[in-house]
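Student: As a plain string of letters, each chain reads:
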Amino acid sequence: MMDVGRHPRIKLLAYSEIEHVSGFIGNFNVKVRKKARYVDENDCTACGDCVVDCPVIVPDEYQQGLSSRKAIYIQLPQAVPSAYLIDMDHCLGNNPIACGKCQEACEKKCINFDMEDEILELEVGTIIVATGNEVYDPTELDEFGYRSFENVITSMEFERLICAGGPTEGHFVRPTDHQRPIRIGFIQCVGSRSDNRGNPYCSNICCMNTIKDTLLLNDHYPDTESKVFYIDIRAFGKGFEDMFKRSKEAGVKYIRGIPGDVWEDPVTKNIFLAVEDTTSGKVEVHELDLVVLSVGLEPRKDMKHLQQLLTLSSTADGFLLESHPKLKPVDAPTRGIFYAGCVEAPKDVKESVTQASAAAARASIILNAGKVQIEAITAQINTDECNYCGLCAKVCPYHAITAADRKLGIYPEVIQAACAGCGTCGAECPTDAITMRHFTDFQIMAQVDSILDKDNMDKVVAFACNWCSYAGGDLCGTSRLQYPTNVRLIRTMCSGRVDEKFVIHAFKKGAPLVLVSGCHFADCHYINAVTWTQKRVEKLWNKLERLGIRPERLQLEWISAAEGQKFARVMRELEEMRKKVTPEEVAETIKILEREEAKALEKKAGKAKKAEEALQTA
Amino acid sequence: MYGEELRIGVFVCDCGLNIAGTVDCKAVAEYSETLDDVVAVIRNKYTCADPGQNEIKKAIIEHKLNRVVVASCTPKIHEPTFRQCVADAGLNPYLYEMANIREHCSWVHQNEKAKATEKAKELVKSAVARARFLEPQIEAEVPVTKAALVIGGGVAGIQSALDLADAGHQVYLVEKEPSIGGIMAALDKTYPTMDCSI
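Protein chains in written order, with this note's numbering: chain A, 1 to 618; chain B, 1001 to 1198.
To be clear, the hints were calculated from the coordinates, so they are not data collected in a lab. Model, not experiment: these values are computed from the prediction. Check each hint, because a few of them may be wrong.
[Said to hold, decoys possible] For lysine-lysine, the following DSS-like pairs were computed, each having C-alpha atoms within a straight-line distance of at most 30 Å:
hint, chain 1, residue 1, chain 2, residue 2
1, A, Lys610, A, Lys591
2, B, Lys1115, A, Lys579
3, B, Lys1057, A, Lys326
4, A, Lys580, B, Lys1115
5, A, Lys566, B, Lys1189
6, B, Lys1189, A, Lys227
7, A, Lys11, B, Lys1026
8, B, Lys1189, A, Lys269
9, B, Lys1176, A, Lys304
10, B, Lys1113, A, Lys580
11, A, Lys350, B, Lys1146
12, A, Lys579, B, Lys1176
13, B, Lys1113, A, Lys11
14, A, Lys350, B, Lys1189
15, B, Lys1113, A, Lys301
16, B, Lys1146, A, Lys304
17, A, Lys609, A, Lys543
18, A, Lys31, B, Lys1146
19, B, Lys1115, A, Lys328
20, A, Lys238, B, Lys1057
21, A, Lys454, B, Lys1026
Just chain A, with the same shape it has in the complex (with noise of 0.2 Å):
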């Protein structure tokens, strides 16, 4: 930690937070607010006058809320940076000064209640997202009486109240009556490991750090009696079981199986435990001094934000997707950003550290090269084609295309540096103007007509998004998951390059059943291209209907990278769907679809006319 403080290269943004983030890899801009410490960071020297007449108390949250600090505080002894701050939430009010005692303390002269939040703006050209997690909070489910009894504690809790640094300066005493507990029984994967309370994952962690507490207690209080309830322990890493025999060997019990009933003695505060024992078949019933609840890992609930912002998406337990789980394994989907810790997923000390050191190397390629390229998939505009119309602007999720203006004769412009190629623009385009790079209409429509050329009854035509839906068919194959061969992909960066006219068109060639898939919305790789997709499906599926063809045979999706399971379910749905379509239904379509197409020829022949005959009377 102080290491950073004093790093020549290192600029630290202590409470401060992400605004905005615009950019790509190897440009990207950054707003970040520094919240107002209403203390001179630099002119600080931690002396702590301050707080000796700063007259409001609340609960040290550091502390675990198990002791209490002033509105004027330093959030650890060893904090860096080693300065103060008022937390005005709590502060009697700085407009006007209420108080000001702190103020008159400091020689230093170094408050300020007059400091405001700065809005610092960086160009960086990688980041890397280490934002960490949360600890499962037991208190609304009441797990194991959390919040009845007062002798329930969190693994959380019980690191305070071991440390030298904690409320009872490492004197380890339970709460109700501040005595030494002796026997002290630890609940393992208290919301985790669950599909009915916390999270259904392992949270990989909670095994070696109840293992590690034992060892501590044992090592502090010889005479402690530790009883540890698990479901199976996982001690899989390198010393990892040994230090797990020395547990045991300490003369830790190890009761295989999770209390079922908990209850307080009125008198003495100890805590009851009901458990069957899983491998003798017995329920004993054990009587504690104390309890602590081994509490899982869970994702920051604050991280939407960010997520939007740096287009990251999650896999269903809720922390960050990575780019490949074994061949990226620190590399986030959007190029130029790297995961470091647990915001990837839960891991102790060392594999945190181990990824940190595998991000920044990652990081280091790109900021040693100087250069990226950018992929050859970006929007060109015609302008014979285009008729200002201004829509290409309006779709564009990342503002990439300039404004048109058909009076002053302005066509709209792609930046190409900004666009990522998710296609909408192309999509949406009236005119055609618009030719997306490397998934033209050209090839798009090549594919389409491949694929229904020979035995289109059997066919099913999906477009899927590279990112989500496609990974996700990626997943099915990793897995293994079997599902009908009729299926045939084709691949487009975003589901919001797929254009109406290529779906009429395979309805056209004989497709009995035609799918979009694309990401969640909130996975969405191109900001909220994909509103637009669901917004012209759902155009598409009035325009069926108006035209007297069943719209469920255009089926939309939404399969992200993670869903393997769901992708092979969508296929084998789509399957069953696509039988019942028959050659009449496809004929009849057809039919419809030529009439529709010549009914446009001929609307469009009559206005080329009528613009001809106009020009001439000119």
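Based on the hints, put chain B in the right spot on chain A.
Tutor: Chain B only, in chain A's frame:
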């Protein structure tokens, strides 16, 4: 080059038994030869390995290929590999196309070998259809701002920031809380070494 006749090369990959265990790769290769504009078809055990890539490079020169289709795995793994491969042989990397006959075929239709083979043929056909319309593209090269942002000052963020800074890069470390340290700073000792967390 454009306006020139199309000369497409198709490279069918066995991927050991990953593809060939389900799909009849010989039949896929034979079928590929019947497709319009395809002038060379080569089957490999592992197309991504050096010998496989060398076959592609050799064929590009020998058969004057101007489009390359590899029928193997997902483009998410080997598209960069083969783009580089064709570029090494002097072809624009965007004149390369992939047919995914592994993740989207052999691995998901393991019990339907005949049907999987038919599907693989059609996936190649579709890739060839797309390849006919491929155009060379030039990638833009943009400079990189020589600074990094690390969001979060827990143990992971601290380590990343220090590593990058020690490597000589400017680092901005943004932490929401008044101090860095994160959850680790609230722990007493950490396993497996049982030492102080700060």
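Student: State for each hint whether it applies.
Tutor: For each hint, the structure was consulted:
1. For a cut-off of 30 Å, the pair hint linking lysine 610 of chain A to lysine 591 of chain A stands: about 29 Å separates their Cα positions.
2. Of the pairs offered as hints, the one joining lysine 1115 of chain B and lysine 579 of chain A holds, with about 17 Å between alpha carbons and a cut-off of 30 Å not exceeded.
3. Under the criterion of a C-alpha separation no larger than 30 Å, the hint pairing lysine 1057 of chain B with lysine 326 of chain A is consistent with the structure, at around 29 Å.
4. A distance of roughly 20 Å separates the Cα atoms of lysine 580 of chain A and lysine 1115 of chain B; the hinted pair therefore holds under the 30 Å criterion.
5. A hinted pair counts as satisfied when its Cα atoms are at most 30 Å apart, and lysine 566 of chain A with lysine 1189 of chain B does not qualify at roughly 42 Å.
6. For the hint pairing lysine 1189 of chain B with lysine 227 of chain A, the CA-to-CA distance comes to about 20 Å; that is within 30 Å, so the pair holds.
7. The hinted pair formed by lysine 11 of chain A and lysine 1026 of chain B fails the criterion: a straight-line CA distance of about 60 Å is larger than 30 Å.
8. A threshold of 30 Å between alpha carbons decides the hint, and for lysine 1189 of chain B with lysine 269 of chain A the separation of about 28 Å falls inside it, so the pair holds.
9. Taking the CA atoms of lysine 1176 of chain B and lysine 304 of chain A, the gap is about 15 Å. The hint holds against a cut of 30 Å.
10. The straight-line distance between the Cα atoms of lysine 1113 of chain B and lysine 580 of chain A is roughly 25 Å, inside the 30 Å bound, and the hint therefore holds.
11. The hinted pair formed by lysine 350 of chain A and lysine 1146 of chain B meets the criterion: a straight-line CA distance of about 28 Å does not exceed 30 Å.
12. The hinted pair formed by lysine 579 of chain A and lysine 1176 of chain B fails the criterion: a straight-line CA distance of about 55 Å is larger than 30 Å.
13. With a CA separation close to 59 Å, the supplied pair lysine 1113 of chain B and lysine 11 of chain A exceeds the 30 Å bound.
14. With a C-alpha separation of about 13 Å, the suggested pairing of lysine 350 of chain A with lysine 1189 of chain B holds against the 30 Å cut-off.
15. The hinted pair formed by lysine 1113 of chain B and lysine 301 of chain A fails the criterion: a straight-line CA distance of about 47 Å is larger than 30 Å.
16. For the suggested pair lysine 1146 of chain B and lysine 304 of chain A, the alpha carbons sit about 28 Å apart, so the restraint of at most 30 Å is met.
17. The hinted pair formed by lysine 609 of chain A and lysine 543 of chain A meets the criterion: a straight-line CA distance of about 27 Å does not exceed 30 Å.
18. At roughly 17 Å between alpha-carbon atoms, lysine 31 of chain A and lysine 1146 of chain B fall within 30 Å of each other, so this suggested pair holds.
19. Among the hinted pairs, lysine 1115 of chain B with lysine 328 of chain A is inconsistent with the structure: their alpha-carbon atoms are about 33 Å apart, more than 30 Å.
20. With a C-alpha separation of about 45 Å, the suggested pair lysine 238 of chain A and lysine 1057 of chain B falls outside the 30 Å cut-off, and the hint is violated.
21. Restraint check: the Cα-Cα separation between lysine 454 of chain A and lysine 1026 of chain B comes to about 21 Å, which is no more than 30 Å; the hinted pair holds.
Checked against the numbered hints above, the structure violates hints 5, 7, 12, 13, 15, 19, 20; every other hint is satisfied.
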